[in-house]
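J.: The residues making up each chain are set out below.
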Amino acid sequence: MSEVNHVLVTQQFPEVEWEEKNSCFIVPSEKATEVVTWLKEHPAFRLDYLSCVSGADYLDSEVKTKEKNEDGKMEVTITQVPAKMEAVYHFFSIEKKTGPVLLKQRCMDRDNPVVQSLTPIYRGAELMEREVYDLYGIHFTDHPDLRRILMWPNFEHYPMRKDYVIPNDYDYEPTPHDEVIERARERRAQLEGGSM
Amino acid sequence: MPARGYHLSKDELGADILEVAMGPHHPSTHGVFRMDLKLDGETVVDLKPIFGYLHRNHEKLAEDIPYLGCMPFTDRLDYLCGMTNNWAFALSAEQLIEIEIPERAQYIRVICAELTRLINHCLLVGFFINDLGALGTPLLYALREREKILDLFETLSGARMMVNYMRFGGVRCDLPDGWLQECERIVGRFPAFLDEYETLLKDNEIVITRSQNVGVLTQEEATNFSITGPMLRASGVNYDIRKVDKYGIYDRFDFKVPIGAHGDCYDRFMVRMLEMRESIKILKQAIADIPEGPIMGNEPRVFKPDPQETYGRIESPKGELGFYLIADGTTNPYRYKVRPPSFVNLTALRHMCIGHKVADAVIILGSIDIVLGEVDR
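Chains as they are written, first to last, in this note's numbering: chain A, 1 to 196; chain H, 1 to 377.
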């Protein structure tokens, strides 16, 4: 894994945040197109290949950290982490043979997550973003064809979300045979009624 | 509403546009895959790939089981290449913890992965010729060779395809007695089969006229469409993850990366033929160099990585197979994402097919090399 020259990016775009822990860029959605185009063109990066688009979902949670205080006792601090949704992009450079560079678009509003689509710049993102939309319900603005891809078209939920409850009884679904069975039953009743 | 059967509509000039739902049970779609085609005469005007029939939410399943429990599921992704799927997942998980992989295990992994590449490319070329209309014979030649390698896998792991062979830090069991000799024998005979196969197909006039200049992807388009694997290299981009990342011990082997010049279906077919020869080179070197020793590293009893993220990728026979894992400090992955090569390669299908005949759409799909177990997950 190669080092990412993150200072260059954060100098050019002060809105972009560098997260040291996961070595990724947090990009605000309204700036995403601009940042990515710049990264694609800039000679230090030349990110010409978008490898992977994934979604990630985080619910409200508490993080406990243990630290030693001045008296030498362990002290537990609890920090609240708000819920969020992320669209994660992995970039590589085929020209410079470097990577990966991680870029995240984060939305704090889990009920209505909207991020910027990168399909106009990287056409390879088309199906991958559709998959994220299908499984996580993250809407990508400017996506040419945002439809469900793996689940069926009138499915209502987003199954990869952390609060999705897997149904233990599946709703009754009508099949084409129902009509035939119903007609057969009527016919049988008719016949039996006639013969008696 | 999705098209059922066929449907006629009018374009702006009043000419008839025929809408055909090709699939999901069409034999040339290699599984349950549907293409909704709009045809002007025999020419494809528009195409929509529709899939998801095999969807089982593989990624959600993995969130409820421990890391190692996901290993058998990865066999079912691209069910022709169990070994490389195993390796990709093991590679990503090994990045989460400090673990040393013994030399012997590294060599076994390379041998298994390259054998898998032989299987996959054999089968692809067979089906590709099948799609061209040469029903049966060339495919059976390929299947015959594949069967020999599957027998090797069976003696090694107990299963022909669902191998479940690799573990974090090594492999599950050592090579049985005589396995290497048998492997060497099969690999030694493989070039003869390739020569025969190439003479049969390479200069065949029908193969050439049907596949040259069909489904062309230029260098820029291929990169922009995130195409990987033999398809990318057929378009003239020199990018092989074995050379770029040098994962495992690929820096020790001497092999070349075949590159195409035109990016058409014929180049994709030839790149795969040449890649098989390079795989044989790697196999011969690996079989000669493999040392004795342990096959498992110091794997922790409980696999419980610290909270972090990782992305590991390998050059699977179909392209870049990546696993994006988010660990949250428990024994189960918080997020487990598969980056399947054939799913992403499908993005370019519409672009490649428009303007060609229906019969060519079949070949173009065949040259992408999709496996629906991986596309639908």
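Hints listed in this document are in silico derivations from the structure and should not be mistaken for laboratory results.
Any given hint could turn out to be false.
For lysine-lysine, the following DSBU-like pairs were computed, each having C-alpha atoms within a straight-line distance of at most 35 angstroms [what the hints assert, rightly or not]:
1) Lys21(A) / Lys284(H)
2) Lys38(H) / Lys96(A)
3) Lys304(H) / Lys162(A)
4) Lys162(A) / Lys21(A)
5) Lys304(H) / Lys148(H)
6) Lys84(A) / Lys66(A)
7) Lys38(H) / Lys97(A)
8) Lys21(A) / Lys48(H)
9) Lys40(A) / Lys202(H)
10) Lys60(H) / Lys84(A)
11) Lys84(A) / Lys104(A)
12) Lys21(A) / Lys281(H)
13) Lys281(H) / Lys97(A)
14) Lys304(H) / Lys104(A)
15) Lys38(H) / Lys256(H)
16) Lys246(H) / Lys281(H)
17) Lys148(H) / Lys96(A)
18) Lys202(H) / Lys246(H)
19) Lys148(H) / Lys64(A)
20) Lys48(H) / Lys104(A)
21) Lys246(H) / Lys97(A)
22) Lys60(H) / Lys66(A)
23) Lys284(H) / Lys256(H)
24) Lys162(A) / Lys38(H)
25) Lys60(H) / Lys97(A)
26) Lys66(A) / Lys38(H)
27) Lys40(A) / Lys148(H)
28) Lys40(A) / Lys246(H)
29) Lys21(A) / Lys148(H)
30) Lys162(A) / Lys60(H)
31) Lys64(A) / Lys304(H)
32) Lys104(A) / Lys148(H)
33) Lys21(A) / Lys304(H)
J.: Of all the hints numbered above, which does this structure not satisfy? Sort the numbers upward.
T.: Of the numbered hints given earlier, those the structure breaks are 1, 2, 5, 7, 8, 9, 12, 15, 17, 19, 24, 26, 27, 29, 32, listed in rising order.
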